[in-house]
Amino acid sequence: MILASLLGALQVFVLGPNLREARIHGLESGAIRSLRRLSLVQSLYRERHPEVRYGSVSELIQAGLLTPAEAQPEGYQLELRRGPDPHFCWAAIATPHTGSLARRHFATDVSGVIHYREQPYVFRPEGSLDLPLRPLTPDG
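Numbering follows our numbering, with no gaps: position 132 of the sequence shown is 134.
Because the hints were derived from the structure by calculation, they are not lab data.
Even glycine gets a Cβ: it sits at the ideal position worked out from N, Cα and C.
There could be a bad hint or two in this list.
[Unchecked claim] Here are the computed distance ranges between Cβ atoms for each label pair: (1) Q74 with E128: 24 to 34 Å; (2) E76 with V115: 33 to 43 Å; (3) R22 with R50: 41 to 51 Å; (4) R126 with G66: 27 to 37 Å; (5) P127 with V54: 41 to 51 Å; (6) D132 with R38: 14 to 24 Å; (7) P19 with E76: 18 to 28 Å; (8) N20 with S130: 16 to 26 Å; (9) Q74 with H27: 16 to 26 Å; (10) A71 with N20: 25 to 35 Å; (11) A65 with V115: 20 to 30 Å; (12) P127 with E76: 24 to 34 Å.
Work out the full structure, taking the sequences as your base and the hints as a guide.
Below you can see the structure in the form of structure tokens.
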């Protein structure tokens with residue numbers, strides 16, 4: 003943990019502003035790709051398993067729909083929760099690792115819309131996400 007923080011601080015000073023921003027963009031793009039992939043594979047899983055509808059990360063990996071790398075994008079922790087009735091609800095968040103250059107937190111849910119903000123997302127007890135959400139636009 004301390005080493006990761008030191009490496010992150012070292013990157014700030016060693017990398018120029020443009021390289022640093024490119025690295026941040028790369029990490030955040032990876033998190034967004036993982037959430038988009040997760041939304042897609044949840045739809046595929048729902049078609050294959052109508053009795054359950056939505057899968058956990060381990061079920062999606064076991065079904066061959068998601069790879070372990072997609073489930074853990076570089077610089078981020080991906081977390082998926084299903085609601086009390088997994089037939090109708092799921093949500094996922096991508097939180098930057100401590101010491102990571104990444105700054106934004108990302109989230110998606112059964113709607114497939116990806117949202118972001120600077121503060122962490124929190125799951126509600128029923129599995130939905132706390133608000134407010136900011137949809138990700140093509141401008142980022």
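* Asked: Hints broken by the structure, by number, lowest first?
  -> Numbers 2, 5 and 8, in rising order.
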